[in-house]
Amino acid sequence: MERLFIETKIIAGDAGSVAGIAWKFGEPDRIGDWIEPGAFKGAKLPIPMLFGHDMNDPVGTWDTAEEKADGFHITGKLLVDDVARAREVNALVKSGAVRGLSIGFITKKASARTGGGRTIKSLELLEASLVTIPMHAGAKVTSAKSAVLALNIAAAINRATAHIERT
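Per the working numbering, the sequence shown starts with residue 93, numbered consecutively.
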């Protein structure tokens, strides 16, 4: 099984819901691999949600997936009601300490890229992991419900208040 670490956009909800872009189309990752639109076609769901690709550390499931113009989007649920580690991972995602997703897959069809890496045209998706250091530099966390979102809103309010007080 191959693993690619990529940075993604993740949103985590209080009940353990997680959404993110598991692969951003239109640019290679840091090692030069490029996954083409259509490569995820036929992904069989649900797939395991792991923490750091540890097959002994499942923390939830990914239940829906969709290829959109910007990338491969997945949504799932951390098992926060049943698994202690899932509660820990949920807190890490919501705090912003864990910002990435990484996919585990088997390559079905690929070709070498000039300068290194591969163009992957077809793959079998096996799992997607929440990770701290992703491989794909073009994607990033934009929000995580609760803690991170609240801190961003508070910071914006504080900046606006300071600006109003100066004028």
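These are calculated hints, taken from the structure and not from any lab test. Just to be clear, a hint being listed does not mean it is correct.
Listed next, the in silico DSSO-like pairs over lysine-lysine satisfying Cα-Cα at most 30 Å (straight line) [to be verified]:
id, residue 1, residue 2
1, Lys201, Lys160
2, Lys133, Lys116
3, Lys201, Lys213
4, Lys136, Lys169
5, Lys213, Lys136
Going through the hints against the structure:
The suggested pairing of Lys201 with Lys160 holds, with an alpha-carbon distance near 21 Å, which does not exceed 30 Å. For the hint linking Lys133 to Lys116, the alpha-carbon distance of about 15 Å falls within 30 Å, and the restraint holds. Distance check on the hinted pair: Lys201 and Lys213 sit about 5 Å apart at the alpha-carbon level, within 30 Å; holds. Between the alpha carbons of Lys136 and Lys169 the distance comes to roughly 16 Å, so the proposed pair stays at or under 30 Å and holds.
The hinted pair formed by Lys213 and Lys136 meets the criterion: a straight-line CA distance of about 17 Å does not exceed 30 Å.
Against the hints set out earlier in the document, no violation occurs for any number.
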